[in-house]
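Go ahead and model the full structure; you've got the sequences and the hints to work with.
Listed below, chain by chain, are the residues.
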Amino acid sequence: MNELSASSRITYRAVMVRPGVARRIRGLSDKTLAWLFITPTIVLLLAINIFPLLWTIYLSFTNYRANRANVPTIWLGADWYQSILTDPDIWAAMQVTAHFVIWTVVIEAVLGFGLAYLIDKKFRGHGLWTTIILLPMMLSPAVVGNFWTFLYQPQIGLFNYVVAFFTGRAASSFQMLGDVTLSPWAIVIVDAWMWTPYVMLICLAGLRSIPDYIYEAAEVDRASKWRQFWSITLPMSLPFIMLAVLFRGIENFKMFDMVNLLTGGGPGSTTEVASITLKRAAFESWRTGYSSAFAIILFVTVFGLANIYVKALNKVKSR
Amino acid sequence: MSVDATPSIARRGLADRILRRGPLEAAATTIIAAGVVMLMQPFSLTLYSWSFAMTLFGTVMFTIVSKVRE
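As given, the protein sequences belong to chains R and C, one line each in that order.
Counting from 1, position 122 in the first sequence corresponds to residue 122 in our numbering; the numbering is continuous, with no gaps.
Counting from 1, position 36 in the second sequence corresponds to residue 36 in our numbering; the numbering is continuous, with no gaps.
Hints may be right or wrong, so weigh each one.
Listed next, with one range per pair, are the computed distances between beta-carbon atoms [said to hold, decoys possible]:
| # | chain 1 | residue 1 | chain 2 | residue 2 | range |
| --- | --- | --- | --- | --- | --- |
| 1 | C | Thr30 | R | Lys279 | 31 to 37 Å |
| 2 | C | Arg69 | R | Phe123 | 46 to 52 Å |
| 3 | C | Gly22 | R | Thr41 | 41 to 47 Å |
| 4 | R | Ala205 | C | Gln41 | 28 to 34 Å |
Read the hints as simulated data drawn from the structure, not as lab findings.
From a predicted model like this one, the values you see are computed outputs, not experimental measurements.
Note that the Cβ used here is the ideal one computed from N, Cα and C, for glycine as well.
Encoded structure:
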């Protein structure tokens with residue numbers, strides 16, 4: 001009883017001591033309050049997103065080098081852009097990126113949709129299988145990169161033994177990560193293994209959004225299962241497949257961590273995707289201005305693709 | 001009076017058809033996609049050189065036309 005009265009006394013005093021503040025807060029409009037709450041977020045975003053972006057744009061027009069910060073900065077105009085956009089080596093890196101993006105997206109879309117189609121059939125134990133299939137997606141790319149490096153070991157790696165079992169070739173006769181022809185496929189396999197479950201999830205959402213009455217109407221019209229798949233299932237889940245393809249395309253266009261851990265861009269430059277070339281220019285050659293220009297080129301490409309992604313997302317939302 | 005009014009309605013109809021968000025966004029999206037394809041294609045260095053300008057133009061266009069009325 002005493003405690004209660006003490007706390008009520010404190011509350012009473014708090015209200016009595018500073019009535020002006022309470023009145024002032026009560027007097028604020030909804031708009032002012034909203035601004036009050038979002039200002040810290042806006043300041044934080046400006047500091048860690050917008051300012052570095054503007055600074056990178058500025059640096060991309062200069063000869064600035066981060067390891068020689070005291071050297072006077074000279075304005076170069078669009079020289080770095082011109083240099084990058086006429087450089088056959090950067091063009092080659094873009095083609096390596098294209099190989100990686102196209103094959104991963106195609107494999108993930110086909111396998112992801114296939115798995116989603118099977119899981120959607122709700123067979124016995126489908127919940128357990130869904131969880132097992134989703135496991136790779138939940139791992140960190142650093143972990144995935146490290147353990148696939150072990151799996152690809154020609155002497156002790158499981159992958160070579162599995163291939164040897166099915167093809168009859170000696171397990172140590174080929175190196176997935178050390179061979180010029182095989183290494184681009186090695187990174188495609190790992191990415192497909194890791195991210196197919198993600199595509200499956202999006203496709204599953206698409207399949208589950210198709211109303212049952214459409215299939216019932218098709219059954220009444222005696223449409224075969226094959227016809228139902230081509231005329232109902234595929235067209236109605238196509239926006240979701242497009243969404244997954246765009247999302248994986250954007251993610252893989254800027255892929256760095258997994259490729260860096262698996263091959264580091266090698267052997268030679270066969271797996272040197274654009275982000276690895278960028279890292280080498282920025283932190284090995286210390287060409288900060290040049291790498292800033294390259295980063296802006298990649299940023300504009302990703303931003304453009306993100307616009308298409310948002311458009312596709314709106315189309316899905318409007319369904 | 002009616003002779004004057006008819007062409008203006010026709011003109012407005014044409015403008016309404018073209019200057020809508022949907023077709024303009026579709027055009028911007030096509031330009032961006034073309035820019036990305038030009039960036040990563042293995043056939044022509046000239047196309048690669050113009051890819052950034054193309055993507056940038058498409059992106060700026062998309063940003064502007066997404067503010068246009070439906």
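Verification of the hints:
1. C:Thr30 with R:Lys279: 31 to 37 Å: holds (32 Å)
2. C:Arg69 with R:Phe123: 46 to 52 Å: holds (49 Å)
3. C:Gly22 with R:Thr41: 41 to 47 Å: About 33 Å separates the Cβ atoms of Gly22 (chain C) and Thr41 (chain R), which means 41 to 47 Å is violated.
4. R:Ala205 with C:Gln41: 28 to 34 Å: Given a distance of about 33 Å, which is inside 28 to 34 Å, the answer is holds.
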